[in-house]
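> Here's the letter readout for the chains.
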Amino acid sequence: MAKVRTNIMVCTGTGCLANESEKVIRNLEVILKARGYAEEVQVIKTGCFGFCEQGPIVKIEPDNVFYVRVSPKDAKDIIDEHIIKGRRVERLLYVEPKQKEKINRQEDMPFYKKQLRVALRNCGLINPEDINEYIARGGYEALGRVTTEMTRDQVIEEVKKSGLRGRGGGGFPTGLKWEITKKQESDVKFIICNADEGDPGAFMDRSILEGDPHSVLEAMAIGGYAIGADKGIIYIRAEYPLAISRLNTALKQARELGLLGKNIFGTNFSFDIDLKYGAGAFVCGEETALINSCEGKRGEPNYKPPYPAEEGYWGHPTCVNNVETFANITPIIMRGAEWFASMGTEKSKGTKVFALAGKINNVGLVEVPMGITLREIIFDIGGGIPNGKKFKAVQTGGPSGGVITEEGLDTPIDYESLLERGSMMGSGGMIVMDEDDNMVNIAKFYLEFTMDEACGRCVPGRIGTRRIFEILQKITDGKATMADLDALKQLAYMVKDSSLCGLCQTAPNPVISTMKYFWDEYLAFIKDVDHPRGEGKYTAENKAEIKS
Amino acid sequence: MTVKTLDELRKIREEHLDRVRLREDGEAAGDKIEVLVGMSTCGIAAGARETVNRFVDLLAKERLDSVKVVPVGCIGYCHSEPTVQVNVPGQKPVIYGNVKENKVQEIVEKHIKGGKPVEALILHVDFKRP
Amino acid sequence: MEILLKDNVAKDGEYMTEPQAISVTAPAAEDLPKEKFDELEAFIDSMETTKGALIAILHKAQDIFGYLPRDVQLYIARKLGIPGAEVFGVVSFYSYFTTKPGGKHTLSVCMGTACFVRGADKVIERLKEKLNVESNETTEDGLFTLKDVRCIGACGLAPVVMVDDKVYGRVREEDVDDIIREYRSQEGQQ
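Residue numbers (this note's numbering), protein chains in the order written: chain P, -10 to 537; chain H, 915 to 1044; chain Z, 2 to 191.
Note that these hints are calculated values from the structure, not bench results. Predicted model only: the values in this text are computed from it and were never measured. Treat the hints with care, as some may be off.
A short, non-exhaustive set of chain H residues, derived as facing chain P with CB atoms under 7 Å [said to hold, decoys possible]:
| no. | residue |
| --- | --- |
| 1 | Arg927 |
| 2 | Arg937 |
| 3 | Tyr991 |
| 4 | Cys992 |
Across the chosen pairs, the derived CB separations fall in these ranges [to be verified]:
| no. | chain 1 | residue 1 | chain 2 | residue 2 | range |
| --- | --- | --- | --- | --- | --- |
| 5 | H | Lys975 | P | Pro230 | 48 to 56 Å |
| 6 | P | Arg364 | Z | Glu174 | 29 to 37 Å |
| 7 | P | Glu11 | H | Glu976 | 57 to 65 Å |
| 8 | Z | Asp165 | H | Gly1029 | 40 to 48 Å |
| 9 | Z | Gly189 | H | Val983 | 37 to 45 Å |
| 10 | H | Thr916 | Z | Tyr68 | 16 to 24 Å |
| 11 | Z | Asp32 | P | Lys378 | 56 to 64 Å |
| 12 | H | Met915 | Z | Lys131 | 55 to 63 Å |
| 13 | Z | Gly189 | H | Asp971 | 53 to 61 Å |
| 14 | H | Lys1024 | Z | Glu126 | 41 to 49 Å |
| 15 | Z | Asp165 | P | Val448 | 16 to 24 Å |
| 16 | P | Lys241 | Z | Gly67 | 23 to 31 Å |
Think about it this way: if two alpha-carbon atoms lie no more than 27 Å apart in a straight line, the pair counts; the simulated BS3-like pairs of lysine-lysine are [stated by the list, open to error]:
| no. | chain 1 | residue 1 | chain 2 | residue 2 |
| --- | --- | --- | --- | --- |
| 17 | Z | Lys123 | P | Lys286 |
| 18 | Z | Lys167 | H | Lys1017 |
| 19 | P | Lys150 | P | Lys171 |
| 20 | P | Lys241 | Z | Lys61 |
| 21 | P | Lys379 | Z | Lys123 |
| 22 | H | Lys1030 | P | Lys34 |
| 23 | H | Lys1006 | P | Lys74 |
| 24 | P | Lys103 | H | Lys1017 |
| 25 | Z | Lys129 | P | Lys286 |
| 26 | Z | Lys52 | P | Lys241 |
| 27 | Z | Lys52 | P | Lys251 |
| 28 | P | Lys463 | Z | Lys148 |
| 29 | Z | Lys129 | P | Lys463 |
| 30 | P | Lys48 | H | Lys1006 |
| 31 | P | Lys220 | H | Lys918 |
| 32 | P | Lys251 | H | Lys1006 |
| 33 | P | Lys463 | Z | Lys123 |
| 34 | Z | Lys123 | P | Lys378 |
| 35 | P | Lys241 | H | Lys918 |
| 36 | P | Lys516 | Z | Lys61 |
| 37 | H | Lys1006 | P | Lys34 |
| 38 | P | Lys468 | Z | Lys123 |
| 39 | H | Lys918 | P | Lys171 |
| 40 | H | Lys918 | P | Lys251 |
Quick reminder that beta carbons are idealized off the backbone N, C-alpha and C, glycines included.
Pulled out of the complex, with its shape left as it was, chain P reads as follows (with noise of 0.2 Å):
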């Protein structure tokens, strides 16, 4: 029996059949035979292909090609031209509407599949540990276009249109920071890389930095590149060791081939990278803080202005990236601005990686396009909540961010949309807390978090979380009373309004975001608050009671 060389792939999942792909089967049977190729090309019914707006689809196999609105009378070229000449039938390929450019292979596809992997490309797909498979990868060409074929102002245009913005959590455009930085008159300038991923929870920096370290070393030379900067450091977590051990493998087999070093790809431009490790203080995700902790003292943050950008590490100006963002620079100068610009949503541009936690069943990293909505994540790629509890709450940004409740379920995921709800982007944890969670419990356990890391620069942040975590302790105490309740929401507002950096200016969120939606739940707590169950624990029986 000859062997099959080509699949052709055909869907009847529900929404094809209804558009006559089982007749396309026939058809495409029926020709092959007369054609004398129905030894070696089979066709295959295969199951839902997900994209059932543009039914029927049919892909071939290996080709990897990828038709929609199949019609039955278009068997008849693609055997005759695909199959026999090898030649793609143009007219059915699909035209994305944005670019009206054809698109043919599976991948390429928008809305294919939910998630789509950009800064986690390489994860569990090559060994870290040998820079031969990055390169297979199409790892370093990046680099080597960068500084053989572009000029510094063009990578940071590139980097500008794509739209790029900061993935630790601020979504500063990172286009712009790079301009900034480059644009100050300095001999010797720093590119530093954030790998103090503090918020507890969250992994996706951590995951980059054991599955694919490359990827960010490159991304920090063609940022260097940019800026005019021939230094760079990754600041990390000491509680990494695998990271860390995974990096400096990495920075070696990199320097041995000249990939850092002096003289790069042949050019005048060289760069070299230090690794800086932290000791276990939240604040130091905070870039300031981050730099006085990269010069060997406490962590703590400056005021602002001078940016880093003018007066950074050892007063030199200094551009501050997260991991994540510098993951997404190497496939923006591969593939193009435009490519990256695609995808998202209209301000918020790529992918964005979430480390999914807490009562859900597939927890993981995931990494979706900007502009899904969080309903799609925790349900249809999370898997929905395991024991056939109820959602109740999902908490994004960390310590940092607040609570989106059921209703805000369909909001689409960007830096915006997110703050309007009283939360944030943040780095990307995101905790899903079902029915069996105290929401003043969970505001309690944040808290307590920050106020062990806010680093005591500020008032503010020293005694004003302080406080807020003892009232809270007061009210699950059962011992509060609605004086507490109105000191609690104006010492949240107050600390918000008035803390030296963003760990404590944001601290205030979970306490905040909780009152708005879960009032009720403060209340049970609360003793000279008349309802019949007495303090304690809030109930769905008493909801009701408490609330009339």
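Got chain P sorted already, so can you dock chains H and Z onto it with the hints?
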């Protein structure tokens, strides 16, 4: 050796392209089977180190010298760690979840030696790479 | 005269955090071997520059000594020509550095959010009760040091307890006893 031009870099890529292509879509020649084990902190915490050791031991015992065990980063499926990907040339790569030490034997016997994936352990991946 | 800060804050819970007791003049609590100081000195001498290297040096010192007692901090200060207060300021700022010797095993309970919502708070309470210590304290027999740590990144296994490098996943309150017993009985056998 140092890389001084883009062409030199591309040469390195060509040399190693086969390995990576095999992993992505099974398009590669030869008879080299690969076992990729997710070895991040989370994977190791879930027992990936024991899983790797067991693979190495078993493959040595069975004299399956052409099978290569490769440590890789994680694919983010924390709920199903340790994860293992088996790549057989000419076939679509198969990703397994919850491959504790005691599941290794079955994968070696049925999939690597017998050519039939162990259906019960297969993880269905819902992401794509650009 | 010996001045111990701790004496001034004897009453429980009156202050936010108890200042770490460190006396400038008290004799060393235990003899620290000279070889370890030599090793530290060699490390410092091997550095290209000590500018901005304090944290790296402290990491190394904690590697060598296991903790950062007063004498080690003062040694580093003198070696670098900076005030001892500056060294202590850095040591006390970062949670990774400890000024107390640890027990034989370190019991770390992950207090990341994912573990918290899955019941890590109950697990650590049980441990505190069983071992009769608070966080960052060592049991009387010197066998365990209890620590609450931020996310160790095994959220899929939440809640997680780590004994040294060994990870115990999906720990329930009642599993705590077994874990402690496991290490206690190992000790008994030796």
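> If a hint holds in the structure, say so; if it doesn't, say that too.
Verification of the hints:
Hint status for Arg927/H: holds, given a least beta-carbon distance of 5 Å to chain P, under 7 Å. Of the supplied interface hints, the one on Arg937/H holds, with its beta-carbon coming within about 5 Å of a beta-carbon of chain P, less than 7 Å. With a cut of 7 Å, the hint placing Tyr991/H at the interface with chain P holds, because the nearest CB-to-CB distance is about 5 Å. With a least beta-carbon distance of about 4 Å to chain P, the hint placing Cys992/H at the interface is held under the 7 Å criterion.
Range check, Lys975/H to Pro230/P: about 32 Å between beta-carbon atoms, so the 48 to 56 Å window is missed. Judged by the Cβ atoms, the range 29 to 37 Å given for Arg364/P and Glu174/Z holds: they are separated by roughly 33 Å. Take Glu11/P and Glu976/H: their Cβ atoms lie about 46 Å apart, and the range 57 to 65 Å is violated. Taking 40 to 48 Å as the suggested C-beta distance range, the pair Asp165/Z and Gly1029/H conforms, at roughly 42 Å.
For Gly189/Z paired with Val983/H, a C-beta distance near 38 Å keeps the hint of 37 to 45 Å intact. For the hinted restraint 16 to 24 Å between Thr916/H and Tyr68/Z, the CB-CB distance of approximately 44 Å leaves it violated. For Asp32/Z and Lys378/P, the hinted distance range of 56 to 64 Å is satisfied, since their beta carbons lie about 57 Å from each other. Between Met915/H and Lys131/Z the C-beta distance comes to about 58 Å, which sits within the given range of 55 to 63 Å.
Distance hint for Gly189/Z and Asp971/H: a CB-CB separation of about 32 Å, inconsistent with the stated range 53 to 61 Å. Between Lys1024/H and Glu126/Z the C-beta distance comes to about 46 Å, which sits within the given range of 41 to 49 Å. For Asp165/Z and Val448/P, the hinted distance range of 16 to 24 Å is not satisfied, since their beta carbons lie about 40 Å from each other. Checked against the hint of 23 to 31 Å, the C-beta distance between Lys241/P and Gly67/Z comes to roughly 29 Å, which is consistent with it.
For the hint pairing Lys123/Z with Lys286/P, the CA-to-CA distance comes to about 36 Å; that exceeds 27 Å, so the pair is violated. The suggested pairing of Lys167/Z with Lys1017/H holds, with an alpha-carbon distance near 21 Å, which does not exceed 27 Å. Taking the CA atoms of Lys150/P and Lys171/P, the gap is about 17 Å. The hint holds against a cut of 27 Å. Proposed proximity of Lys241/P and Lys61/Z is supported: the alpha carbons are some 21 Å apart, at most 27 Å.
Restraint check for Lys379/P and Lys123/Z: the C-alpha separation of about 22 Å stays at or below 27 Å, so the hint holds. Taken as a hint, the Lys1030/H and Lys34/P pair is honoured in the structure, with Cα atoms around 21 Å apart against an allowance of 27 Å. For the suggested pair Lys1006/H and Lys74/P, the alpha carbons sit about 26 Å apart, so the restraint of at most 27 Å is met. Distance restraint check for Lys103/P and Lys1017/H: the Cα-Cα separation of roughly 30 Å exceeds the 27 Å cut-off, and the hinted pair is therefore not satisfied.
Only pairs whose Cα atoms come within 27 Å are accepted, and Lys129/Z paired with Lys286/P is rejected, the gap being roughly 33 Å. Straight-line distance between C-alpha atoms of Lys52/Z and Lys241/P comes to about 24 Å, which keeps the hinted pair within the 27 Å bound. Proximity of Lys52/Z to Lys251/P is assessed by CA-CA distance (about 24 Å); at most 27 Å being required, the pair is judged to hold. Distance hint between Lys463/P and Lys148/Z is fulfilled; the C-alpha atoms sit about 25 Å from each other, no more than 27 Å.
With a C-alpha separation of about 22 Å, the suggested pair Lys129/Z and Lys463/P falls inside the 27 Å cut-off, and the hint holds. A distance of roughly 15 Å separates the Cα atoms of Lys48/P and Lys1006/H; the hinted pair therefore holds under the 27 Å criterion. Note on Lys220/P and Lys918/H: the hinted pairing holds, with a Cα-Cα distance of about 20 Å set against a maximum of 27 Å. In summary, the hint linking Lys251/P to Lys1006/H is not supported, as the alpha carbons are separated by about 42 Å, beyond the 27 Å threshold.
For the suggested pair Lys463/P and Lys123/Z, the alpha carbons sit about 19 Å apart, so the restraint of at most 27 Å is met. Simply put, Lys123/Z and Lys378/P have alpha-carbon atoms about 21 Å apart, close enough for the 27 Å limit, and the pair holds. About 17 Å separates the Cα atoms of Lys241/P and Lys918/H, which keeps this hinted pair within 27 Å; it holds. Among the hinted pairs, Lys516/P with Lys61/Z is inconsistent with the structure: their alpha-carbon atoms are about 53 Å apart, more than 27 Å.
Distance restraint check for Lys1006/H and Lys34/P: the Cα-Cα separation of roughly 17 Å lies within the 27 Å cut-off, and the hinted pair is therefore satisfied. With a C-alpha separation of about 22 Å, the suggested pairing of Lys468/P with Lys123/Z holds against the 27 Å cut-off. Only pairs whose Cα atoms come within 27 Å are accepted, and Lys918/H paired with Lys171/P is accepted, the gap being roughly 26 Å. A C-alpha spacing of about 11 Å is found between Lys918/H and Lys251/P, which places the hinted pair at or below 27 Å, so the restraint holds.
Going down the numbered hints, you'll see the structure goes against 5, 7, 10, 13, 15, 17, 24, 25, 32 and 36, while the others check out.
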